[in-house]
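Quick note, the sequences are listed as chains P and L, same order. Taken in order, the first sequence gives residues 88 to 356; the numbers are from our numbering. Taken in order, the second sequence gives residues 430 to 730; the numbers are from our numbering.
Quick caveat, the hints were computed from the structure, so don't treat them as lab data. Note that this is a predicted model, so its numbers are computed, not measured. Heads up, a few of these hints could be off.
[Unchecked claim] Negatives, chain L to chain P, calculated, CB over 10 Å:
| no. | residue |
| --- | --- |
| 1 | Val511 |
| 2 | Val514 |
| 3 | Ala532 |
| 4 | Arg574 |
| 5 | Ala581 |
| 6 | Ala628 |
| 7 | Ile644 |
| 8 | Asn679 |
| 9 | Leu722 |
[As the list claims (entries may be wrong)] Among the chain P residues that face chain L by a calculated CB cut under 7 Å, a handful are:
| no. | residue |
| --- | --- |
| 10 | Gly121 |
| 11 | Leu125 |
| 12 | His128 |
| 13 | Thr273 |
| 14 | Leu275 |
| 15 | Thr285 |
| 16 | Tyr290 |
| 17 | Leu291 |
| 18 | Gln311 |
| 19 | Asn315 |
| 20 | Ile332 |
| 21 | Ile333 |
Glycine included, every Cβ here is placed at the ideal spot set by N, Cα and C.
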Amino acid sequence: MRLRNIGVYVLLILSAVVMLFPIAYAFSISLMDGKEVLQGHLLPREPSLENYVAAFERIPMMTYLLNSLIVALLVMVGQVVLSSLAAFAFVFIDFKGKGLIFMLFLATMMVPWEATMVPNFLTIQSLGWLNSVWGLSVPFFALAFGTFLLRQQFKTIPYEMYEASQIAGISRFRFFWNVVLPVSKTPLVTLSVYSFLTTWNMYLWPLLVTNTEQARTVQIGIKQMQSNEVASDWGVVMAAVILIIIPTLVLLFAGQKHLQEGLTQGAIK
Amino acid sequence: MTVALPREKVRTRLSDAASGLLYLSPSIILFGVFLVYPLLRTIYLSFFRTDSQGTPLDFVGVGHYSNLFTSAAFWQSIQATVGFVLLTVPLTILIALGLALLANEKLKGIGIFRTVFSATMGMSVAASSVIWMFMYNPSIGIFNRFLEAVGASGVQWLLDPQYALLSVSLATVWMNIGFTFLILLGGLQNIDRTLYESADIAGTSYWTQLRAITIPMLSPTLFFVGIISLINAFQTFGQIDLLTKGGPTNATNVIVYAIYKDAFINYNVGSASAQAVLLFIAVLLLTWLQFKLVERKVHYQ
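The shape of chain P in the complex, shown without the other chains (with noise of 0.2 Å):
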């Protein structure tokens, strides 16, 4: 029993080596000089941060963060309060077609948003949203993920709560406001986790919508970066690669139980 236990840590330590070998990799090569770099070495000499202050001087790095935080925060308060909008009314209310209408909301998650980007972009243009942040972030407000994982929470408040609060003469937005959310906090934050998560990371659309260094995302930034530096200059990149990485590493981080619980009620329900 005690050699089975030796061996599973050494599984997984040799794991964790490899997992994390890129990311501490990057670390690395962020505090090498170029000349370091170019000599391939895996662990700096002498450990410099030149690179993250260059990477703030060089490039409008707090311009990008700036501009993915105030996107993401968006996304997710725009989809946290959407999802628990439509969740409360699915749970709630009583009104003819609501089955129809789950099917049509739960049908969302079938189409790939890729398919669809053309339009949206041409959207987008004519509402005169390029390189805006509006642009970057109400396409994303309605979320059938969010409105679900809210749904499976929201059903285990007892309904005669309700039915009771309807007889006292409480509106329906103070129920929501003051009993629904209160005691849904655990889904709430999973969904915001999740909701900044894929946003600070999302690509593709601010790819296509933001074409002006005071509109671009970090991870817009560091494609540019990447494009635009000579070699010697690796270490410039990794440092913003480091920077961007962060906020999304403590967060995950922070979340990662509720996130793990929320996303496996999604594969098992």
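Starting from the structure of chain P, add chain L where the hints point.
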């Protein structure tokens, strides 16, 4: 009084419908504008020749589709997509399953390993691709330095048509492990512990338990990640754009990259729309397959 009661009922029912729709309207409007309309518009445009702005000029019927099916470039992109799917999906699931089994052991400090194994879920495709781009660098990247160290000659990982798809796939497997691992670990943790306890009492080995309990009980979750991974693989774009731009000689020109190039670089919106419709049909079939099989699973129980 006797008349007032039903009228009251009618009033509330109407207001139920109205307020139900009110709560749903933000989602319904946005789905309408950014999902239903563009989907229908894509289908419509796939039957037209358009100008560079996507304005339909003249009706060409199934012309774009028949052109695609006779075009070597289209079959090349299908081949690249299928190759990419086959190289990434099974390997990702296999590795993630192995990691999930390891991370499901009740050991001290296991939380750290769970965190590490899920890490790539927090990493964007762009950031990950840039790191792999450097690792694949022919002169200073880690792969060729390793090959040189053992006396082999270096490989043009991303420029050699023989290796490009494999290289992009390997990077993708790494990127996708985090998410797949997290789902599979969740599935493992949902398996009833008492099944293992009785198997322990009966004295069955770890591998027998794995085959007789774990894999069957995990099969719905495995199936779910299989379909999700398949659909995701069909929608791959970022790593292609950053690592190979669809090259060399279209070896990595997967379907979404082909759509992007046709629509936004060659301004051939009609043909891009036809390919988008075909992508939609492929994803639809896969999702339908999932529903069918899940349904069967439910009937079993």
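Here is how each hint holds up against the structure:
no.	hint	in the structure
1	Val511	holds (16 Å)
2	Val514	holds (14 Å)
3	Ala532	violated (7 Å)
4	Arg574	violated (5 Å)
5	Ala581	holds (16 Å)
6	Ala628	holds (16 Å)
7	Ile644	holds (16 Å)
8	Asn679	holds (18 Å)
9	Leu722	holds (13 Å)
10	Gly121	violated (11 Å)
11	Leu125	holds (6 Å)
12	His128	violated (10 Å)
13	Thr273	violated (14 Å)
14	Leu275	violated (16 Å)
15	Thr285	violated (10 Å)
16	Tyr290	holds (4 Å)
17	Leu291	holds (5 Å)
18	Gln311	violated (10 Å)
19	Asn315	violated (13 Å)
20	Ile332	holds (5 Å)
21	Ile333	violated (9 Å)
Checked against the numbered hints listed earlier, the structure breaks hints 3, 4, 10, 12, 13, 14, 15, 18, 19 and 21; every other hint is satisfied.
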